[in-house]
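Keeping their order, the protein sequence lines are chains A and B.
At position 135 of the first sequence (counting the first as 1) the number is 188 in the numbering used here, and the numbers step up by one without a gap.
At position 225 of the second sequence (counting the first as 1) the number is 402 in the numbering used here, and the numbers step up by one without a gap.
Treat each hint with caution, since some may be false.
[To be verified] Below are the EDC-like pairs computed for lysine to aspartate or glutamate, each with C-alpha atoms no more than 20 Å apart in a straight line:
no., chain 1, residue 1, chain 2, residue 2
1, A, LYS231, B, ASP332
2, A, LYS194, B, ASP386
3, B, LYS371, B, ASP457
4, B, LYS474, A, ASP150
5, B, LYS416, A, GLU225
Hints were generated in silico from the structure; no laboratory data involved.
For clarity, every value in this text was computed on a predicted model and none was experimentally measured.
Each chain, letter by letter, is given below.
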Amino acid sequence: MIDSVSFQENSNIPFEDVLEKYQEFWKKFYNIPKFSPFSLTEETSNVVQNLQELVIITSKIQYFNSNYLTQINKTYSEALDKLPPNKSEYPLQSEQDIKKYRSFLLGTLEESFTNLFQSREFGTLVSDLMGAYSEYSKILKNISNPYLASLNLSSKDDIDVLLKDVQELKREVRDLRKSIDIIMSEDNQVAK
Amino acid sequence: MKIIKLQNNTTTNPPNKEKYPNVSISIDKYNHDLSEKLDKFTKLYQNPKDIDVGSTEHQIVKETNNYRLLHYKPIFKRPIKTPILVVYALINRSYILDLQGDKSWIKNLLFQGYDVYLIDWKPPTLNDKYINFDDYVNDFIDDCVNLIINQGSLDKITLHGYCMGATMSVMYTTLHQRKIKNLVTLAPVIDTSKDLTVIGNFGRTLDVDKIINSLGNMPPQLLRTCFSALKPFKQGMNKYFTLVEHIDDKKFVQNFLRIEKWLYDVPPITGEVFKQWIKDIYQDNLLAKNQLKLGSKVIDLSKIYIPLLNIVADEDHLVSPEGSAALNKLVSSSDNRLMRFPTGHVGLIASSYSQLNVLPRMGKWLFSRSDK
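Just chain B, with the same shape it has in the complex (with noise of 0.2 Å):
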């Protein structure tokens, strides 16, 4: 790769002694450290080796051709009588809430004593273009909620949801609200009135039923290119400049390598589900107006009444967190409570922050409303 070689060239031109006095980089050095770092950078895209994800150990419950239910193999011999069901978003994989031992969302909710079990949705094909949410909600999540309680015996579990998971997870407990003792969610998208973000001005404007009705599914090229209007150049393009400053550390990259690896991996959401997001949920805000309809049943969010700890990333740029806050106004339970952290939306479940700041306190929170 060419370097320009930049100004003021020290064999020529000295840097200024007496404004930078304590300047002890040339830019000559710069250069050349940067031209290695570069080939070393082109080295590692041309050749990566294997990324390890999701490597938490779990075993496979039940297998459809829609989704996997992966139950997590318990820290303690006798974890927490009240499981979690973990329902992640149809938008990219759910390895991100497992993605490396020290950030892991899963192994830290287990080393807190939780039985956890997640949904881990299976890309769907052309022939899967007609489920929609009343699938995904009363067919897929409830087989899970009801393998899960007849197992254990139980009555009652915790949801458990992420993003588009966490608004399932809210439709779900609105109709079967009898099988859930606890109500988690972390940035669900529920009132796109109050979404000013990229996506939801692309949302509001999109003529869904014209591309659906040729596509089939949406697929994983334009939603790519949907999500690379988000920060373009501070997450797109910075993110790759800090990666060549720390080429040699291998921790750092392979951190990166993780999360590119999940970026990059979209699977296509099926046309029912994608027009329902698009025109009932962010065009028609029928979610927050208690109009949306599931089948024939509407969901109606003031009948939640069970304990609610709604989590929400003040820095999020995908799902507004005034949208997402308005869940607590929504719902009538009496045991309601809004946690925000000064995160973004990845962050909130995929960072050292949330190992730190934000896990610790949903655990705690959940503790006292679960049976031992």
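In isolation and in its complexed conformation, chain A is listed as follows (with noise of 0.2 Å):
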């Protein structure tokens, strides 16, 4: 069995470790026998892993949400450190100078912000996070084909084929007018 490591109540081990070990521990499901009379549990193996796929992918999500969450709002802790700490400088007396704090307070947090926004760390933890939830999607996407197959209806994945071919084939008919237009045109100047 898998020590049972929490990985909030031991969070010096690495996200990805955790995982491995989780992956690690599930392969011995894996090689129940497939063949012959034991044919039948191939089905039940592809589901277990979809299942183990799934508890994967909302791992991922939950630790890239929970690190999308911890910058955001470190962002937003700095911006305020470098609000005046007392109010002398904006004393808020008057409209125009509740318009000045306003300006003054809005500019602050969107410098921080875009700073975030700009760097290449923040970007790919959006692209990581925005992947996660693609993954789980498509997991999704294989527990259910299946049943799809199982009701003779098609699955996406046979849609795509379709609908790539019949692109294709737009493209080869546009390429085929084309050549016929050139050479009716060719066509036509000769004649005159």
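These two chains come separately, so use the hints to put the complex back together.
Structure, rendered in structure tokens:
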């Protein structure tokens, strides 16, 4: 059995290592015999694998989300630290004072968050998060595909192949049409 | 809505008259006015009236599943012979170019005597996910150009693009230059190595294959999320404060609502186009390196020799101005002009500034290079 390591209890262990240990544990289930009288276990093995991937990806989503929110909160705190400690500079005694303070506050927040959004680290984090959500969607598709097949319905991949072929055919027709137009215009010029 | 009373309530602690001798509006009055304005703001957003956009008279010359070709009714009986085909971007909708009467890019060109056509892209569906730049440039734009040339018995037209539409116009001109008399680009995305914008940063780090393989097309929700990261406070939040302050100004409110309608009217982008846009153009910078391929053909910007006017917004936070300006150094045109204006990406086309400063100069440049 895997050591019961809680990621939250022992946050010194890198997240990737925790995932790796988890995957190693589940690999034992992939070694169930799949041939001859045991061939029926292949489907079970696929279901187990999909569920395992679902658990891993939801952990990744939680991890990336947590990092994302940490970055946002940190930037917000840093921006607030830049505000004057007392109100001597912004006494708020008139409408102009309020507008001046608002402009300063929004400008400070804008500068801090723009620096964050322009950083490569944050860009990579957003990409990881969006990638994780995309993988989640892909795993759900993998789970639903066998059920679609049992209902004699085409899967998304089947339809994708058709759409790609249709688009390729449209391009070929376009190229043929343009070639014919060129030939016909040349014929017209010769006839003149 | 609950208003939090500000400090220095005048009933208990009057403002410092020595320091602020000219203060005529008390905080109490400001609170009261603000409360009334916020009520109006809430009612406006709960029940907005119809917002009219794209009202310049036009007819639909051609309509397919992917686009409509619009022909605007010329103001003059004999417009300038060389017509303009405006190629809008695939991001948001084309009516930003005809947002309202006094700030309409299209209307201004009509009043300058031009004959104007516009390609209005239709939102793609999941069936369109394999449509790529080759289809947009060599099929849709080419069809529109051929139609205008045949209808008017012309040899050439002026091609005029904005943002991604300008990039596509540049690609088209490289491959079909014999049909184009002049090329006018507004904030084109060309050299992304110089791009320090937030969009550029997100584009360079995005694993686009993973996202598109699972989603098909780039959905509007994700696009809106990316755009909301651009100036989130100065433009995202501050504009609502400004709206509340001007809530009684009907003209201001209508203008504001038109821009708001456009900002949130985001169609999806086809998967293949989005992949090429991010991987080939933003990440690998293939367009500036003359290595971008559409089908089997390479886009070589140095092959452009026709007159080029490149208009760039110096305060553009969506498309790097330096990246746009690079186009002038990459083409071979001897008649090659760069105009830079101190305005933003949308301000370049839909503001009073553009009506007074950008369009007259563009019109003057184009007039001497068009057949009359």
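We went through each hint and held it up to the structure:
Proposed proximity of LYS231(A) and ASP332(B) is supported: the alpha carbons are some 17 Å apart, at most 20 Å. As the CA atoms of LYS194(A) and ASP386(B) are separated by approximately 17 Å, the hinted pair is consistent with the 20 Å bound. Restraint check for LYS371(B) and ASP457(B): the C-alpha separation of about 15 Å stays at or below 20 Å, so the hint holds. Using a Cα cut-off of 20 Å, the hinted pair LYS474(B) and ASP150(A) is violated, with the two alpha carbons roughly 60 Å apart.
For a cut-off of 20 Å, the pair hint linking LYS416(B) to GLU225(A) is broken: about 49 Å separates their Cα positions.
Checked against the numbered hints given earlier, this structure breaks hints 4, 5; the rest are met.
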